[in-house]
Amino acid sequence: MRITIEMQGPLQRYNKGGQPRAELDLEDGLTVHDLLVSLGMDMDAPWNAALNGTLARPSDKVSDGALLLVFPPIEGG
Amino acid sequence: MVKGLANKILRVDLSEGRIWTEEQNELFYRRYLGGAGILSYYLLKQLKPGADALSPENVLVFAPGPVTGTVMPGGSRLCVGAKSPLSGGMAKCEAGGFFGYELKRAGFDALVIEGKAAHPVYLWIDNGAVEIKDASHLWGQTVLQTQDAIEAELGQTRVRTATIGPAGENLAAISCIMTDLRNAAGRGGLGAVMGSKNLKCVAVKGKTAPQAAEPEKMRELARWMNTNYMNFSIAAGFHELGTGAGMVSGNAIGNLPVRNWGDGQFDDAAMIQADVLRDSYRVAMEACPSCQIRCKKVVELENETYKVDRRNGGPEYETLAALGSLLGINDLAAICRANELCSVYSLDTISLGGTIAFAMECFEKGILTLADTGGIDLRFGNAAAMLKVIELIAQRQGIGDILADGSRKAAERIGRGAAELSMQVKGIEFGMHEPRLKQGLGLIYSIAAQGADHMAGAHDTFFMQEGRGMEAVRSLDSLDPLPANDLSTAKVDRVKNLHLVRNFSDSLVTCNFVPWTLRQQVDMLRALTGWDYTDFEALRQGERVATLGRVFNLREGLTAADDQLPKRFFSSTPRGALKGTAIDPEAMQRAKRTFYVLMGWDPVTGVPTQEKLEQLGIAWAAAEAVPA
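Residue numbers (my numbering), protein chains in the order written: chain A, 66 to 142; chain B, 1110 to 1737.
What the hints contain is simulated information worked out from the structure, not anything from laboratory work. All values reported here derive from a predicted model rather than from experimental measurement. Some hints here could point you the wrong way.
Derived lysine to any residue pairs resembling SDA-like cross-links, with alpha carbons at most 25 Å apart [to be verified]:
id: 1; chain 1: A; residue 1: 81; chain 2: B; residue 2: 1357
id: 2; chain 1: A; residue 1: 81; chain 2: B; residue 2: 1577
id: 3; chain 1: B; residue 1: 1225; chain 2: B; residue 2: 1129
Label-pair restraints from in silico Cβ distances [stated by the list, open to error]:
id: 4; chain 1: B; residue 1: 1698; chain 2: A; residue 2: 102; range: 38 to 48 Å
id: 5; chain 1: B; residue 1: 1264; chain 2: A; residue 2: 105; range: 33 to 43 Å
id: 6; chain 1: B; residue 1: 1326; chain 2: A; residue 2: 108; range: 27 to 37 Å
id: 7; chain 1: B; residue 1: 1688; chain 2: A; residue 2: 84; range: 24 to 34 Å
id: 8; chain 1: A; residue 1: 107; chain 2: B; residue 2: 1320; range: 33 to 43 Å
id: 9; chain 1: A; residue 1: 103; chain 2: B; residue 2: 1584; range: 24 to 34 Å
id: 10; chain 1: B; residue 1: 1695; chain 2: A; residue 2: 117; range: 28 to 38 Å
Virtual Cβ for every residue (Gly too), placed ideally from N, Cα, C.
Can you make the complete structure from the sequences, with help from the hints?
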């Protein structure tokens, strides 16, 4: 499957080539968690993800054509 | 004498022109610590029940904490509070900058002000010497002008100040107190309280560092944070961009409020994001004392339409959202200008944004007309209208006079169904985080003594999966990741305990942006005071503060019925990430009841039980609480 992934802030360095936005060819059936592990992301760092426009859970399956946005959680300020 | 503290409370009665200090014993400090703890104590003890928030009887408290004034990163803040003219309950907020740091170093654990001066005055605190000085010539001046004038007449530079501008003088209930020009003790209408006392400014110089019981342990903790903060992705993000880096991502998950919380999507979120600000008008980042995270933006701009002075700071996330997406405004330069107006006039950007959003929706729905607005086309997205209305609010002119007291009171004056559009709890407009997404935060918005304050509790999206966020709550015996919209007993317990931790932190006073664990905060208190302080005491202390806030609100006439979210949040947004998502009213009602029970409050009335007050060592407050 082919997906688009955007990673923001300090998490950007885990994206392909350290780019904010990248297209990835991946095996089918990956979960959000597995995909981020495959990118080598520090899974201890707080993160949230939006999968196709809604807040994603780690166990959500990513499908072909998906848009995944990964970013630090938003709190105060 | 407690190590690390000043061991002195400064008291000022402006009606009598009297200044004195009082000392409290060690158990007082161990029980209340400082910051929010001392604020709660003095409000209940000193304020006559039922007193008008804008009367001389109100008590205005500036309370640094034990950690304030030390070498600790984030150890510069203070808690500020009084009876709120917006809610009628407790106003409580925290502010950064140098003011709290130097107030503590001037020799005071708190400054407690009552009465009303016969004419405008300012307070000058110079390393323990305190003087009430005439400020008649400063009345009507902006915060920035006041700073310059006071420094000139004192013949000093780097005078640290807590100041009001015209909005505070004009008793706008959404006004705030600005510390060191560009930091705000924002919530609850404290600027109006200060204005009602004819108090223009508190100016301070303080040079005496607190003497810790174990200074090397303090330095070791500070060194650890200064070495490691970049390993924490959120702190690293603050270092790079400050707050507001997540407008697009917030929009993607539905956290970003749009058009008075009535829409669910802001297509221009990228235009008001912190990276765009960095690449356009941001000229520097600056820090509070002893902090390397330096999260505060400084902006400067001059174009054909706007000019913004860098001395007035720059917009934080809350401001970018409150004066941006919440109003449907995508003009970053206009938002920077609006932020500057709020700094110089002393307006709370959050309540201001919430109130203007309310007015814009009223206008679009025909509840307000051009005749009401004085010809201002007050539609969502109109940046020029926003800027004009800010000026009118600060001066209480035209439509600004109605809006100056927040959306709840404005709705009462306007009528015609406007109350449905007022998005607040207890009269306090919401922080810029969507409770339909973060439903545990929604519960805290409902119940916190200070109203819909996003800083009163932790945010659900931190604890949805394994990782560092879960580590923080496991120490509170909250073991499993939970969805953001979960309102189970396990979630309520987590939310409650994190609320207690926040109240403890607000008593120390530490900064939420410095990623201290609860254990580290306890360790710094142990090193500072030499006490054998424990995590258990920390949670108890947080519970004591929350309960005192509850008792204060009950005494002032608030009830469980005031712990209520607006109807809008119980239905879905028409579009965006939360389309089809709403808060289940029954689930929220159950969660509220569960919260009361877990706090030792009556499950229906929310009144703390006598046993709970005795357990917390505040049985004296029982006389203040309404019987269950």
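*With respect to the beta-carbon atoms only, verify the hint that residue 107 of chain A and residue 1320 of chain B lie 33 to 43 Å apart.*
Holds: the Cβ-Cβ distance is about 40 Å, inside 33 to 43 Å.
Measuring from beta carbon to beta carbon, are residue 1326 of chain B and residue 108 of chain A in 27 to 37 Å? 32 Å, holds
inquiry  = Check the hint pairing residue 1225 of chain B with residue 1129 of chain B against an upper bound of 25 Å on the C-alpha distance.
reply    = Holds: residue 1225 of chain B and residue 1129 of chain B sit about 16 Å apart, inside 25 Å.
| Outcome for the supplied range 38 to 48 Å, where the beta carbon pair is residue 1698 of chain B and residue 102 of chain A | Roughly 40 Å apart at Cβ, these two residues keep to the hinted range, so it holds.
- Task: Note whether the CB distance of residue 1695 of chain B and residue 117 of chain A lies within 28 to 38 Å or breaks it.
- Result: 30 Å, holds
Discussion item. Does the beta carbon distance between residue 1688 of chain B and residue 84 of chain A stay inside 24 to 34 Å, or does it fall outside?
Written reply: Cβ of residue 1688 of chain B to Cβ of residue 84 of chain A: about 30 Å, so the range 24 to 34 Å holds.
State, for the Cβ atoms of residue 1264 of chain B and residue 105 of chain A, whether the hinted interval 33 to 43 Å holds or is violated.
59 Å, violated
Worksheet item: Given a hinted range of 24 to 34 Å, is it respected by the beta-carbon distance of residue 103 of chain A and residue 1584 of chain B?
Response: 31 Å, holds
Hint consistency between residue 81 of chain A and residue 1577 of chain B [alpha-carbon to alpha-carbon, up to 25 Å]
Holds - the C-alpha atoms of residue 1577 of chain B and residue 81 of chain A are around 24 Å apart, at most 25 Å.
*residue 81 of chain A paired with residue 1357 of chain B [C-alpha distance capped at 25 Å]*: With Cα atoms ~20 Å apart, residue 81 of chain A and residue 1357 of chain B stay inside 25 Å; holds.
In the structure shown, a violation is registered for the earlier hint numbered 5 alone.
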